Every structure is written in C-alpha cells, then in structure tokens.
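**Student:** Modelling step: build the complete structure from the supplied sequences, incorporating the hints.
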Amino acid sequence: MEEKDMSLETAEGESANFRKPSNENSAKRVNWKELLEEIKPIEKPIQLLKRPTYVLNILYNNFGIYLSKRLQKNKTMYNLWQVAGGKVENHESSLQAVLRETKEEIALDIKKDECVFLFNDPAFNCD
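3 is the number of the first residue of the sequence shown in my numbering; add one for each residue after it.
The hints are simulated quantities; they were obtained by calculation from the structure and are not laboratory data. Treat the numbers as computed from the prediction; the structure is a model and nothing was measured.
With a straight-line Cα cutoff of 30 Å, these simulated DSSO-like cross-link-like pairs (lysine-lysine) come out: (1) Lys105 / Lys75; (2) Lys105 / Lys77; (3) Lys77 / Lys114; (4) Lys105 / Lys71; (5) Lys114 / Lys89; (6) Lys71 / Lys114; (7) Lys89 / Lys113; (8) Lys77 / Lys89; (9) Lys75 / Lys89; (10) Lys113 / Lys71; (11) Lys113 / Lys77; (12) Lys89 / Lys71; (13) Lys89 / Lys105.
Restraint ranges, calculated between C-beta atoms of paired labels, are given here: (14) Gln84 / Pro43: 41 to 51 Å; (15) Ser95 / Lys75: 27 to 37 Å; (16) Lys114 / Lys46: 33 to 43 Å; (17) Cys117 / Arg53: 14 to 24 Å; (18) Leu110 / Ile44: 42 to 52 Å.
For glycine and all other residues, C-beta sits at the position ideal for the given N, C-alpha and C.
**Tutor:** In structure tokens, the structure reads:
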C-alpha cells in the first residue's frame with residue numbers, strides 16, 4: 003500500500019499549501035497567496051464572447067439522433083438531413099431559441115429541463 007504524505011493535506015478553513023520544487027533536490031513550501039504575485043498582467047484585452055446568432059438542437063435518445071430532411075426545393079440544404087436550428091431572435095436567449103426552433107421545425111414541444119448540454123461557438127455561422 004502506498005504511503006500518503008499527510009503534510010500536504012489541508013484542514014478545513016486552512017489556506018492551501020503545496021510543495022514547489024526550487025531545484026531537483028529540494029522542495030520549498032509555498033503558500034497559495036504567494037503564487038498570486040507570480041501572475042503576469044494581461045497585455046492585450048480579452049475578447050468578449052459574442053451573443054450567439056444561431057442555435058442547433060441535437061435530439062438524441064437510446065435509439066440514436068433525431069434528424070429531419072429539408073423538403074423545400076427553394077431552401078438551402080434542400081433534400082439533406084439536418085438537426086433543428088436557426089437564428090436567435092434579438093429578445094431571446096440561446097435556450098429560448100432552441101425550444102422555439104425545435105417546435106417550429108419538427109413540431110416537438112420540449113421543455114428546458116430536457117436540454118442536457120448548451121454550448122456556444124462564436125465562429126459558427128449557418129448563412
């Protein structure tokens with residue numbers, strides 16, 4: 003059985019400590035607050051996340067993924083398989099748009115608590 007180093011464990015309410023090697027043969031005990039001073043300031047501004055403009059709803063269950071086929075000849079992706087999705091309206095959140103688009107496109111009225119994953123890709127554009 004492997005022996006555990008109890009000196010590294012933190013009791014409830016204590017600040018966390020860890021051993022930071024200063025060279026190959028020794029270790030230095032460093033308080034986590036000291037590490038905050040080692041963080042370098044950001045030199046360029048952080049890009050803010052864009053508000054999502056499109057949503058997709060990938061519906062799945064134990065039998066697989068639910069796809070629909072685009073039947074309008076004048077529409078992009080005619081005769082191809084797709085998942086429900088579309089543009090997010092100005093007044094909507096991503097989740098509201100997913101629920102609306104799913105009902106509009108495949109006539110399924112799903113509830114928000116049935117949505118398992120929600121993520122955004124600001125680079126995605128379906129136009």
